[in-house]
Amino acid sequence: MLYEYNRYTKPAKPAPPEKNWFLIINLVLALVLGTISLIVQFSNKPPVARFDEARRDVARARQLQAAVYAPDQLRMAEHYLEQSRLMWASENQRWMYHRNFSRVETMAQKASDMAEYAAMRSVTLRDSLRWVAATGINLTKKRIADIRSQFADMPMEGQVRQQIAFSELAIYESEEAFKRGDFRRAVARYQIASKKIGSAGDEVTQILNGYFVNAPKWRKWVQQTIRWSAEKNEPVIIVDKLAHRCHVYRNGVKTAEFPVELGPNWLGHKRQRGDGATPEGLYHVKRKKSGHRTAYYKALEINYPNAEDVAQFRAAQARGDIARNAGIGGLIEVHGDGGKGANWTAGCVALRNRDMDTLYSMVGEGTPVTIVGSLRGISTAYSENSAAPDGKGQNTAK
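Residue numbers (the numbering used here): 3 to 400.
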């Protein structure tokens, strides 16, 4: 009976195949997602904040003109930042679990550090250059103004004038760069201006030093002329070419002084006709002229060339310094029509007409006329302020 029961007992039905596959797929998906979640959670994350900070630091360095004042440091910071970006892009190409952003962060940190150094160096150097430029511009402008004022009437070679003009242009460019905040260029241009005006000043000084070799001779002439005036109680005329002044003495005392204008090449003794130089030496009034006898209001013609001038001229021709067919020149006068504000005569000494009236009335034919390069450095008995012998009791006309 038991056998029959077991034989006819109905067995349990197995689960449908599709339900088993569904469970398996769900389990696999859960396992994959869990694995991915763990990988994402425990894998290296990109240093977004660090990289953004480095980028801001580099931008700040640029704003502080590091490209001008710390270009090497700024380029290095930009290089580090670019390397950090490239490393980041390279890591992104790798499987997430194998990514390592430590080098990216290290390079970004180096970019920040270098950018901060570039910014600090830029600010420090900019402030320093601003001070250097401001000081240098002021000093150089003063130097140029001094050269201009001291040697404005002095005949200078073309090269010297070019140096002065170039220095003025360079200092203008320096000032414009300073206004733009380009202090590096401002310093560079003022330094060029300073060098040029310094060279011009040195050349002018050298010329004057050579010119003043004749100072002992001038001193002797002036003393001789004033002594003659004191002994004869007569007027004498002394012309100081460097100071552009005409002094009148009577009885050894200065009684009048007038500004004068000379030939354009007045620095040095007249050597030949047409050189535009005003002669230096001991002369006298050869002839007084007025009216139609002169083209310059009134005139005192002097006896240039004198014997010494002729001897010097012939010696220069013999040496070959002056052409054989050159002339010595003549008709040098102290005359009117001055006051033009420039050295314009053919070698004469020009006074304003009102001053010429005064001088004309004070002297006569035969009056000594001594023309020297300068009265400076003459005897200690002479006044330093007037650059002329003691004018005690003088009545200076100007």
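Treat the hints loosely; a few may be bogus.
DSS-like, lysine-lysine: derived pairs with alpha carbons at most 27 Å apart [what the hints assert, rightly or not]:
1) Lys112 - Lys47
2) Lys342 - Lys288
3) Lys143 - Lys219
4) Lys219 - Lys234
5) Lys234 - Lys197
6) Lys181 - Lys219
Simulated restraints on C-beta separations [to be verified]:
7) Ala91 - Asp115: 21 to 29 Å
8) Arg132 - Asn94: 43 to 51 Å
9) Asn216 - Leu333: 20 to 28 Å
10) Ala167 - Leu333: 48 to 56 Å
11) Arg326 - Ser201: 34 to 42 Å
12) Arg132 - Ala317: 21 to 29 Å
13) Gln95 - Met122: 23 to 31 Å
14) Gln193 - Arg77: 19 to 27 Å
15) Arg182 - Ala348: 28 to 36 Å
16) Gly200 - Pro48: 16 to 24 Å
17) Arg186 - Ala61: 34 to 42 Å
18) Ala309 - Arg229: 17 to 25 Å
The set of hints was computed from the structure by calculation and includes no laboratory data.
Note that the coordinates shown come from a computational prediction; the quantities given were computed from them, not determined experimentally.
All C-beta atoms in this analysis are idealised placements derived from N, C-alpha and C, irrespective of residue type, glycine included.
Right, here's what the structure says about each hint:
1. Lys112 - Lys47: Between Lys112 and Lys47 the Cα gap is close to 19 Å, so the pair holds against 27 Å.
2. Lys342 - Lys288: 26 Å, holds
3. Lys143 - Lys219: 37 Å, violated
4. Lys219 - Lys234: With a Cα-Cα distance of about 23 Å, the restraint between Lys219 and Lys234 holds, given a limit of 27 Å.
5. Lys234 - Lys197: At roughly 54 Å apart (the allowed maximum being 27 Å), Lys197 and Lys234 break the hint.
6. Lys181 - Lys219: At roughly 53 Å apart (the allowed maximum being 27 Å), Lys219 and Lys181 break the hint.
7. Ala91 - Asp115: 21 to 29 Å: For Ala91 and Asp115 the Cβ distance comes to about 22 Å; the hint holds.
8. Arg132 - Asn94: 43 to 51 Å: Once the Cβ atoms are compared, 46 Å apart, the range 43 to 51 Å for Asn94 and Arg132 holds.
9. Asn216 - Leu333: 20 to 28 Å: 24 Å, holds
10. Ala167 - Leu333: 48 to 56 Å: 35 Å, violated
11. Arg326 - Ser201: 34 to 42 Å: Cβ of Arg326 to Cβ of Ser201: about 37 Å, so the range 34 to 42 Å holds.
12. Arg132 - Ala317: 21 to 29 Å: 60 Å, violated
13. Gln95 - Met122: 23 to 31 Å: Hint violated: Cβ distance 37 Å, outside 23 to 31 Å.
14. Gln193 - Arg77: 19 to 27 Å: Given range 19 to 27 Å: holds, Cβ gap about 26 Å.
15. Arg182 - Ala348: 28 to 36 Å: 49 Å, violated
16. Gly200 - Pro48: 16 to 24 Å: About 60 Å separates the Cβ atoms of Gly200 and Pro48, which means 16 to 24 Å is violated.
17. Arg186 - Ala61: 34 to 42 Å: 21 Å, violated
18. Ala309 - Arg229: 17 to 25 Å: Given about 21 Å between the Cβ atoms, the range holds.
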